[in-house]
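A.B. asks: Given next are the chains, with one letter for each unit.
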Amino acid sequence: MSATSPLSTVIANGRVLDATGERVADVRIEAGRIVEVGAGLDGDTVVDASGCIVAPGFVDLHAHLREPGGEQAETIESGSRAAAKGGYTAVVAMPNTDPTADHRAVVDLVRLRGEAAACCDVLPAASITIGRAGVELSPFGELAAAGVRLFTDDGTGVQDPLLMRRALEYASGLDIVLAQHCEVARLTEGAVMHEGTCCSRLGVPGWPAIAEELMLFRDIELVRLTGTPMHFLHLSTARSVELVRAAKADGLPVTAEVAPHHLCLTDEALAGFDPVYKVNPPLRTKGDVAALRAGVADGTIDAIATDHAPHPPASKERPLDRAPPGMLGLETALGVALSVLDMPVADVVAALSWKPAAIAGVGDRHGGPIEPGRAANLVVFDPDERWQVVPGRLASRSRNTPYVGIDLRGRVRHTFLRGDHVVADGEARR
Amino acid sequence: MDKGAPEGAKQVLGAHDVRRATTRIAHEIVERNRGLDGVALVGVQRGGVWLARRLAEAIAEIDGSHVPWGSIDVAFYRDDIAIRPVTPAAVSELPFDIDGATVVVVDDVLFTGRTIRAALDAIAEYGRPGAVQLCVLVDRGHRQLPIRPDFVGKNLPTSADETVVVTEHGVTIG
Amino acid sequence: MKHLLSVDDLTLDDVGRLMELSDHMAEVNQRANPKVPALRGTTVCNLFFESSTRTRLSFETATRRLSGDVMTFAVSESSVNKGESLRDTIETVAAMGVDAFVVRHGSSGVPQQVCRWTSASVVNAGDGWHSHPTQALLDAYTVRTELGRNTGFDGLHLVVVGDIKHSRVARSVSRLFAKLGARVTFVAPTTLLPVDPEFDHTADLDGLIGDVDVLYLLRMQHERMSEALVPNLGEYTTRFGLTPERARRLREGALVMHPGPMNHGVEITVDPAELPGAVIGHQVSNGVAVRMAVLFDLLGSGAVAR
Numbered sequence: 000m001s002a003t004s005p006l007s008t009v010i011a012n013g014r015v016l017d018a019t020g021e022r023v024a025d026v027r028i029e030a031g032r033i034v035e036v037g038a039g040l041d042g043d044t045v046v047d048a049s050g051c052i053v054a055p056g057f058v059d060l061h062a063h064l065r066e067p068g069g070e071q072a073e074t075i076e077s078g079s080r081a082a083a084k085g086g087y088t089a090v091v092a093m094p095n096t097d098p099t100a101d102h103r104a105v106v107d108l109v110r111l112r113g114e115a116a117a118c119c120d121v122l123p124a125a126s127i128t129i130g131r132a133g134v135e136l137s138p139f140g141e142l143a144a145a146g147v148r149l150f151t152d153d154g155t156g157v158q159d160p161l162l163m164r165r166a167l168e169y170a171s172g173l174d175i176v177l178a179q180h181c182e183v184a185r186l187t188e189g190a191v192m193h194e195g196t197c198c199s200r201l202g203v204p205g206w207p208a209i210a211e212e213l214m215l216f217r218d219i220e221l222v223r224l225t226g227t228p229m230h231f232l233h234l235s236t237a238r239s240v241e242l243v244r245a246a247k248a249d250g251l252p253v254t255a256e257v258a259p260h261h262l263c264l265t266d267e268a269l270a271g272f273d274p275v276y277k278v279n280p281p282l283r284t285k286g287d288v289a290a291l292r293a294g295v296a297d298g299t300i301d302a303i304a305t306d307h308a309p310h311p312p313a314s315k316e317r318p319l320d321r322a323p324p325g326m327l328g329l330e331t332a333l334g335v336a337l338s339v340l341d342m343p344v345a346d347v348v349a350a351l352s353w354k355p356a357a358i359a360g361v362g363d364r365h366g367g368p369i370e371p372g373r374a375a376n377l378v379v380f381d382p383d384e385r386w387q388v389v390p391g392r393l394a395s396r397s398r399n400t401p402y403v404g405i406d407l408r409g410r411v412r413h414t415f416l417r418g419d420h421v422v423a424d425g426e427a428r429r
Numbered sequence: 000m001d002k003g004a005p006e007g008a009k010q011v012l013g014a015h016d017v018r019r020a021t022t023r024i025a026h027e028i029v030e031r032n033r034g035l036d037g038v039a040l041v042g043v044q045r046g047g048v049w050l051a052r053r054l055a056e057a058i059a060e061i062d063g064s065h066v067p068w069g070s071i072d073v074a075f076y077r078d079d080i081a082i083r084p085v086t087p088a089a090v091s092e093l094p095f096d097i098d099g100a101t102v103v104v105v106d107d108v109l110f111t112g113r114t115i116r117a118a119l120d121a122i123a124e125y126g127r128p129g130a131v132q133l134c135v136l137v138d139r140g141h142r143q144l145p146i147r148p149d150f151v152g153k154n155l156p157t158s159a160d161e162t163v164v165v166t167e168h169g170v171t172i173g
Numbered sequence: 000m001k002h003l004l005s006v007d008d009l010t011l012d013d014v015g016r017l018m019e020l021s022d023h024m025a026e027v028n029q030r031a032n033p034k035v036p037a038l039r040g041t042t043v044c045n046l047f048f049e050s051s052t053r054t055r056l057s058f059e060t061a062t063r064r065l066s067g068d069v070m071t072f073a074v075s076e077s078s079v080n081k082g083e084s085l086r087d088t089i090e091t092v093a094a095m096g097v098d099a100f101v102v103r104h105g106s107s108g109v110p111q112q113v114c115r116w117t118s119a120s121v122v123n124a125g126d127g128w129h130s131h132p133t134q135a136l137l138d139a140y141t142v143r144t145e146l147g148r149n150t151g152f153d154g155l156h157l158v159v160v161g162d163i164k165h166s167r168v169a170r171s172v173s174r175l176f177a178k179l180g181a182r183v184t185f186v187a188p189t190t191l192l193p194v195d196p197e198f199d200h201t202a203d204l205d206g207l208i209g210d211v212d213v214l215y216l217l218r219m220q221h222e223r224m225s226e227a228l229v230p231n232l233g234e235y236t237t238r239f240g241l242t243p244e245r246a247r248r249l250r251e252g253a254l255v256m257h258p259g260p261m262n263h264g265v266e267i268t269v270d271p272a273e274l275p276g277a278v279i280g281h282q283v284s285n286g287v288a289v290r291m292a293v294l295f296d297l298l299g300s301g302a303v304a305r
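Residue numbers (numbering that gives the first Met the number 0), protein chains in the order written: chain E, 0 to 429; chain G, 0 to 173; chain S, 0 to 305.
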């Protein structure tokens, strides 16, 4: 071995899976890049991937890393560590921080913190309006120049139709994507859970499905009017899936995501009034779950996005109507997706990896085919391992996971960020 | 107080014996209380109620006088409420004045004495008796409190883990 | 039975047992000294996050009549620090040695949550819109004694009128009476009904007023006006109030009930004293007996010893 050649790592005996297909092969990584894919490769370090799938690292379009302002729940460091453990090599950090990511300083801070943590690429998103107040537009141009690709008022949604029209018109020509949180706020004041049979029985204020569908319908029509692409966050109802399906059939430039919890849990989970199951948009009915799963299977829903929303234990130990909504998602997304989706694993990986990578605009370095020259952002996971989440062993600072006691299927063994072995044998090394 | 005859129970008194003992006790009550003025019978729920009624009938046959009788539920006064399930059997009915009365507490079996202790407390809620006498059909021993009967149908030595069942039709030990 | 959180958790055996125990407690309440030593040495903590003098006094009286000790925390909303978790409050109080918590809170589900943080028994004294089991039990006991219905409510028609959607009393009373065999109808405008009402419902009170065995009136709150649920109170009274004219059309022997406190002139415009079927006062006095029965069942016994 020459003193000047870099150390190499070989991921051996795995099922290499990417957008081009699947084959059993070894993958050699050097200096942060994939240098060879083939059989019987040699390297300085060998990582055994027998029985595992080797895929492009996952990309999460939707995670709340809470920093700046909410460090009690999560920091960029703990959040990106959690992401890496979940197989993610890139995470879009939501802008509803304190201060809001509506100006360069916050965006730069988030990026720098992410680089310092070095667990995954943290891609800062920015808000559509200043302070997410829904009144004035954020400086899209300046923020795009600072590297922001995704803009969203997640948490509140842009309520004013005129403002949303202007945002779409102004965004046209900039290489950015507006992402909408669909919720007509006037219809959901005080809402705690899905408005339906369960909430009627429990005596709790309801969040009607139509509050999401009306906004989704409105903004699909605004896309039709302006021609500007739009991404729809966390779809949660059957009718929402139908609306997006019809919009795509009309050739409109829309994409959509779904959170793992909406593929797995229903409103009945709240029968015990445990705020761990409180989320916005809420868990809904079996019919909605089935339609969302079908939406992922037929490609209507492009991506699975975690909506990772950490909250410290004290805030979830409040009465249900006072507890903040949100659940953890980064470390369990794969396990939930593989256990509930009746789809080929390649299609599940597509929804976790290259499809969200394209929406986030990082398809050049994440989600791409596993071939020489590409950045070595990879995940190695056992698609069959059954496991259960142990809250105390999560990398996240918070513990509000709704999956305790549920059998998950599929577990990340290794994550490589530009060749750096950030997660080895399921444990974070940073 | 003991419930249900277990398998292998042995009958030690028959219906005839029970009736004879009841009549004898009734005579004793009449004799002891000379005139039966102010005497009232209080049957302890559940086992003492039928006996109180039978005694009142027997006294009426012997003496011609009508002795009032009632029933008392002692569940709320038991000392083992926190230890085992306690459910009251029936609402207490005492259709006479307790103040100054000679109350004859009636129960089927006397064992540890705790039920009678509870009965004394329960009766005290209704008034201040002039005197209290205790009448039981069977005394099976094993007293844990200083309670002694004034009238006993039969003394029956038993071991503590045996079950004694008393009805109008007989007494079994098992 | 370890907790009483909702009538949904009660079996018919549980209800029967509580009804019989209530008879015993009613007898105790008739005495000159209405007290028994049954719960001596036990401590019941009344944790009232929502103010309610009547229910709190009812539980306090019930505990004292059983010779239990009472601790009362009337916690106002603002005094509970927004950052403090409910769990901290419960664990702090439980550490003082509590056998049972009686919890009343403005948010649905709090008693259920409390169970997770203490080994004491928990009695729900009313949570949000969800459940008020002791109210339902005392209402059932009242009907049982007034109509002599010891074996159940088969064939009885219960009509609950008013703001069903926001009423824990409506949810609990309707479910308990249905469990006992009654036929239940809700009368309300759709704005005051839950999205999925569970029972038959109509907005036409006049149409069924002659077919009612138990007319249960709910309190109509002023706050509902601001939420565009009912245009104004006058309209509510016209369509849904118990007016003298409707009272005349009640069948003979029909009972009129109300959980209190009444809004005279709103849900009822006739003087209850002039209604032979109005048993509202009995509801209140039965409340103590029924709450004594519940506390005794949870802390003093627990199983049917038959």
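Don't read these hints as lab results, they were simulated from the structure.
Heads up, a few of these hints could be off.
Pairwise CB distance ranges, derived in the manner of DEER restraints [claimed, not checked]: (1) Ala270(E) - Ala177(S): 13 to 23 Å; (2) Gly271(E) - Lys34(S): 48 to 58 Å; (3) Asp78(G) - Gly209(S): 25 to 35 Å; (4) Ser50(S) - Ala270(E): 20 to 30 Å; (5) Glu90(S) - Glu21(E): 44 to 54 Å; (6) Gly96(S) - Gly7(G): 42 to 52 Å; (7) Asp199(S) - Asp78(G): 49 to 59 Å.
In silico EDC-like pairs for lysine to aspartate or glutamate, Cα to Cα no more than 20 Å straight-line [claimed, not checked]: (8) Lys285(E) - Glu241(E); (9) Lys178(S) - Glu197(S); (10) Lys285(E) - Glu220(E); (11) Lys1(S) - Asp79(G); (12) Lys34(S) - Asp78(G); (13) Lys285(E) - Asp363(E); (14) Lys9(G) - Asp160(G); (15) Lys285(E) - Asp195(S); (16) Lys34(S) - Glu167(G); (17) Lys9(G) - Glu124(G); (18) Lys34(S) - Glu59(S); (19) Lys153(G) - Asp78(G); (20) Lys285(E) - Asp406(E); (21) Lys153(G) - Glu167(G); (22) Lys34(S) - Glu124(G); (23) Lys178(S) - Glu59(S); (24) Lys1(S) - Asp13(S); (25) Lys247(E) - Asp297(E); (26) Lys153(G) - Asp16(G); (27) Lys9(G) - Glu161(G); (28) Lys34(S) - Glu49(S); (29) Lys34(S) - Glu27(G); (30) Lys247(E) - Asp273(E); (31) Lys34(S) - Asp149(G); (32) Lys34(S) - Asp16(G); (33) Lys153(G) - Asp62(G); (34) Lys34(S) - Asp120(G).
This structure is a prediction, so every number in the text was calculated from the model and none was measured.
Just so it is clear, CB atoms sit at the ideal spot from N, CA and C, and this is done for glycine as well.
A.B. asks: For the pair supplied as a hint, Lys247(E) and Asp297(E), is the alpha-carbon distance within the 20 Å limit?
C.D. replies: holds, 12 Å
A.B. asks: For the pair supplied as a hint, Lys34(S) and Glu49(S), confirm whether the alpha-carbon distance does not exceed 20 Å.
C.D. replies: violated, 28 Å
A.B. asks: Would the hint linking Lys153(G) and Asp62(G) be met if the CA-CA limit is 20 Å?
C.D. replies: Roughly 23 Å separates the two Cα atoms, so the pair is violated.
A.B. asks: Measuring from beta carbon to beta carbon, are Ser50(S) and Ala270(E) in 20 to 30 Å?
C.D. replies: holds, 28 Å
A.B. asks: If you draw a straight line from the CA of Lys285(E) to the CA of Asp195(S), is it 20 Å or shorter?
C.D. replies: With a Cα-Cα distance of about 16 Å, the restraint between Lys285(E) and Asp195(S) holds, given a limit of 20 Å.
A.B. asks: With the threshold set at 20 Å, check whether the alpha-carbon distance from Lys9(G) to Asp160(G) stays at or below it.
C.D. replies: holds, 14 Å
A.B. asks: Please work out if Lys34(S) and Glu167(G) have their alpha carbons no farther apart than 20 Å.
C.D. replies: With Cα atoms ~34 Å apart, Lys34(S) and Glu167(G) exceed 20 Å; violated.
A.B. asks: Holds or violated: Lys9(G) and Glu161(G), Cα atoms, limit 20 Å.
C.D. replies: holds, 11 Å
A.B. asks: For the pair we were handed, Lys34(S) and Glu27(G), check the Cα-Cα distance against 20 Å.
C.D. replies: violated, 35 Å
A.B. asks: Hinted pair, alpha-carbon criterion (20 Å max): Lys153(G), Asp16(G). Please report holds or violated.
C.D. replies: holds, 10 Å
A.B. asks: Given the hint that Lys9(G) pairs with Glu124(G), does the C-alpha gap stay at or below 20 Å?
C.D. replies: violated, 39 Å
A.B. asks: For the pair supplied as a hint, Lys247(E) and Asp273(E), confirm whether the alpha-carbon distance does not exceed 20 Å.
C.D. replies: violated, 37 Å
Violated hints, in rising order: 2, 3, 10, 13, 16, 17, 19, 23, 28, 29, 30, 31, 32, 33; the structure is consistent with all others.
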